[in-house]
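K.L.:
Assemble chain B onto chain A, guided by the hints.
There are 2 protein chains.
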Amino acid sequence: MRIEVICTGDEVLTGKIVNTNFSYISQKLEDFGLSLIWETTVGDDRDSLLLAFQLAGQRADAVIVNGGLGPTVDDLSQEIAARAAGVELALNEEWLARMEAYFTKRSRVMPPNNIKQAMLPAGAEVLDNPVGTACGFAVTIGKARFYFTPGVPRELRRMLEDQIVPRLLAKSGKQTAVFLKRFHSYGIGESHADTLLAGVEALAPDGSVKLGFRAHYPQLETKLTARGSDMDDIRKKLAPVEAEVRKRFGNFILAEDDRTLEGVVLSELEQCKGTLAIVESFTAGQIAARIAHLPGAEKIVRRGIVARELCEVCAAAGLADVPAAITRETAEAVARAAQQLTGATHALAVLIDLDEGVDRIEFAGTVCLAIATAGHAASRRSRIVGGRDWVRLGAVEMGLDCLRRYLQGLPVTERIDFEKVE
Amino acid sequence: MRIEVICTGDEVLTGKIVNTNFSYISQKLEDFGLSLIWETTVGDDRDSLLLAFQLAGQRADAVIVNGGLGPTVDDLSQEIAARAAGVELALNEEWLARMEAYFTKRSRVMPPNNIKQAMLPAGAEVLDNPVGTACGFAVTIGKARFYFTPGVPRELRRMLEDQIVPRLLAKSGKQTAVFLKRFHSYGIGESHADTLLAGVEALAPDGSVKLGFRAHYPQLETKLTARGSDMDDIRKKLAPVEAEVRKRFGNFILAEDDRTLEGVVLSELEQCKGTLAIVESFTAGQIAARIAHLPGAEKIVRRGIVARELCEVCAAAGLADVPAAITRETAEAVARAAQQLTGATHALAVLIDLDEGVDRIEFAGTVCLAIATAGHAASRRSRIVGGRDWVRLGAVEMGLDCLRRYLQGLPVTERIDFEKVE
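For the record, the sequence lines run as chains A and B. What the first sequence shows, in my numbering, is residues 1 to 422, in sequence order. What the second sequence shows, in my numbering, is residues 1 to 422, in sequence order.
Read the hints as simulated data drawn from the structure, not as lab findings. Any given hint could be a false lead.
Which copy is meant is left open, because identical chains are indistinguishable; a pair holds if it fits in one copy or across any two.
Quick list of in silico lysine to any residue cross-link-like pairs, SDA-like style, CA-CA up to 20 Å [as the list claims (entries may be wrong)]:
{"#": "1", "residue 1": "Lys299", "residue 2": "Ala97"}
{"#": "2", "residue 1": "Lys28", "residue 2": "Ala97"}
{"#": "3", "residue 1": "Lys28", "residue 2": "Glu256"}
{"#": "4", "residue 1": "Lys143", "residue 2": "Leu51"}
{"#": "5", "residue 1": "Lys105", "residue 2": "Phe363"}
{"#": "6", "residue 1": "Lys28", "residue 2": "Ala170"}
{"#": "7", "residue 1": "Lys171", "residue 2": "Ser208"}
{"#": "8", "residue 1": "Lys16", "residue 2": "Pro153"}
{"#": "9", "residue 1": "Lys28", "residue 2": "Phe213"}
As the structure is a computational prediction, the values presented were derived from the model and not from experiment.
So that you can see chain A by itself, here it is in the shape it has in the complex (with noise of 0.2 Å):
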């Protein structure tokens, strides 16, 4: 089946907005294994739509657009969809009602303008938009079905999974259920990844699970696309391609599906009545900033501190004797000065030597990081080269990582890909 989308706006075109709507709109229909052979953007113009969507039209055999149902002179989605369509554009009674209560339940009136959006080409089916008064709706142009959606993102995902995405499977001719498992690690690096998983597609009977990554520095996202009759079919196939891949990524896997690193840390401190001290150098406060923000943290990160120099980041763990280098004793030395001057029952001390000289892709600096609790310390030391930017993002992640390995009872010192071995 040939799916093409069309994304539409001035602010898209122009470069105003980064389409983020489209690499949704991709992935997620690659995660229930559906493929998209096309993209066009066009502008919020008359003949460039009509174009667009008769060309669209002769190609594909679905064709999703996105954007221009709002309530402006310039949202024109409807009004060209009823001319590519050739039909007339009708009131939708039933939509109209559904904005005047939307309006209503939050004590404000309909403006007029917005009757705009309960006009829909005549025959159209109507998609669902439970957070929104934008309408969507699917009619066919030239051999194409064409379900048009709205631009605001919160929307878009919610029309795209309930409405879309099942309609989409059902004229493909695939097997409805689909699930998506996805693992999250650190310190693997994608085509190391790609070996270390070869073969785990084949426990699965009939290439029923599919296997994909999606980097983003410093964490991979790993997927198994599962697809099956129903979901105990899909639970069956899957297990022993995810027990594999728990296997083979093993101390590396730092949390599965929607869970965040952070949001892991968080709740493994949270079991066992913990709280946090944080002392960081070059990485400025980017690892507190990764956690301490979160619902729930106020209680359990105790303090942040951020300092650049190393006398400075002992005056300020309240380590009465500056050690003359970063090393990994020096690190454990601020983490168990913090953790006594906080109260807190862990801290999370990351140091880092910088090269000197100006920024450059061989530019490197060295991690000594270290966790500290009443009685007990663990500590390690890392080179990571490739630029400033590259050296800070690492040594966050790498310092959160230690820290969930430290809690979950693993060692704090497996190799990772990112590091330069000395």
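P.N.:
Then chain B, alone, in the frame of chain A:
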């Protein structure tokens, strides 16, 4: 002149990477008064590429193609460009020599598959790439001139600015000297800015200066695109408009051109031989993370302190008596204590009293911030509505901007558009 863009590559089509190259190209052309009319994304697929080239060649006068110039088998741009132009591929000896020199300089041997990067459609015009091995080129397909560019952002940028924009300006018959003047502000919304600056374009003769905005909350970028016969001519035309924008925006302009808010704060502190301590609560390290990692900040940002609970904030800042609530006076007391504790010349304290309950669009927070020096303090109180993230982002910017204002001798309490009037 009709200009189109074609983005190529499976990574972009499947949404694995968000297409920031496209928004970059489109914004850059807008900066020079050139507008895009159509964008197409296709994967690494011969049939799709050929069709995309043919269709654009029928519609447009100029087409920028991005991606597909690499050395691997899925890089197909040269091959399909040649087919669409009806010519053969031919080895460009000059580019081959350039590539060999590139590898020699890096003490590496050129892999044989890189030769592919020197195979260009016969008769193609070379577009120089001084920062990589992908050779840009221009050919004519249908009625359009096609410009082929690399997918690596750094290489694309250089080629677009140095090679393609001048060719497009010449082709469009526009005066070739163009200059972009930019102002960064915080506290004025886009529509308010539009009203404030009404009529400024008319201060330059013959519509030679065009006004535009790019909002990225909480900052707003105001752009003046000026055109003239040469830079002297442009400066003369731009001067009255520039002066008027500065006059109408006044204290709200936080930086111009490539400068940033955090960079301005840092250089103001540098100039007065100052040092800085930062105390933050719900912003959770984000204020420190904006400034403390910058080159040179290691001598200036003395310490950052993060704590979520008021009693912890006070303990960390060295304030013995914990005030009952977060007020302007509390923020001043915390800032004063932190200034004394750290010995910094300046201390910024940004404390936030968050509403109760779950995150929602009406969720708000009260920001109390203060700046203290040895003998003086300034403070402000502000209420920001719009959800947890919105409050946090807004408070980070407000903190840094008030510090900028303080350092520049400007009032820190001026009304902004993003706060709720109570």
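K.L.:
Taking 20 Å as the upper bound on the Cα-Cα distance, should Lys143 and Leu51 be classified as within, between, both, or neither?
P.N.:
both (15 Å within a copy, 18 Å between copies)
K.L.:
From the Cα coordinates, with 20 Å as the cut-off, is the pair Lys299 and Ala97 best called within, between, both, or neither?
P.N.:
Classified as neither: same-chain Cα gap 46 Å, cross-chain 63 Å, threshold 20 Å.
K.L.:
Is the C-alpha distance from Lys105 to Phe363 at most 20 Å within one copy, between copies, in both cases, or in neither?
P.N.:
between (57 Å within a copy, 19 Å between copies)
K.L.:
First find the shortest C-alpha distance between Lys28 and Ala97 inside one copy, then the shortest across copies, and answer within, between, both or neither for a cut-off of 20 Å.
P.N.:
neither (31 Å within a copy, 44 Å between copies)
K.L.:
At most 20 Å between CA atoms: does that hold for Lys16 and Pro153 within a copy, between copies, both, or neither?
P.N.:
both (16 Å within a copy, 18 Å between copies)
K.L.:
Given identical chains, is Lys171 near Ser208, meaning Cα to Cα at most 20 Å, within a copy, between copies, both, or neither?
P.N.:
within (19 Å within a copy, 54 Å between copies)
K.L.:
Should Lys28 paired with Ala170 be assigned to within, between, both, or neither, using CA atoms and 20 Å as the limit?
P.N.:
within (16 Å within a copy, 42 Å between copies)
K.L.:
Given a CA cutoff of 20 Å, do Lys28 and Glu256 count as a within-copy pair, a between-copy pair, both, or neither?
P.N.:
within (18 Å within a copy, 40 Å between copies)
K.L.:
What label fits Lys28 with Phe213 when the C-alpha limit is 20 Å: within, between, both, or neither?
P.N.:
within (13 Å within a copy, 32 Å between copies)
The structure does not agree with the numbered hints 1 and 2 stated previously, though it agrees with the rest.
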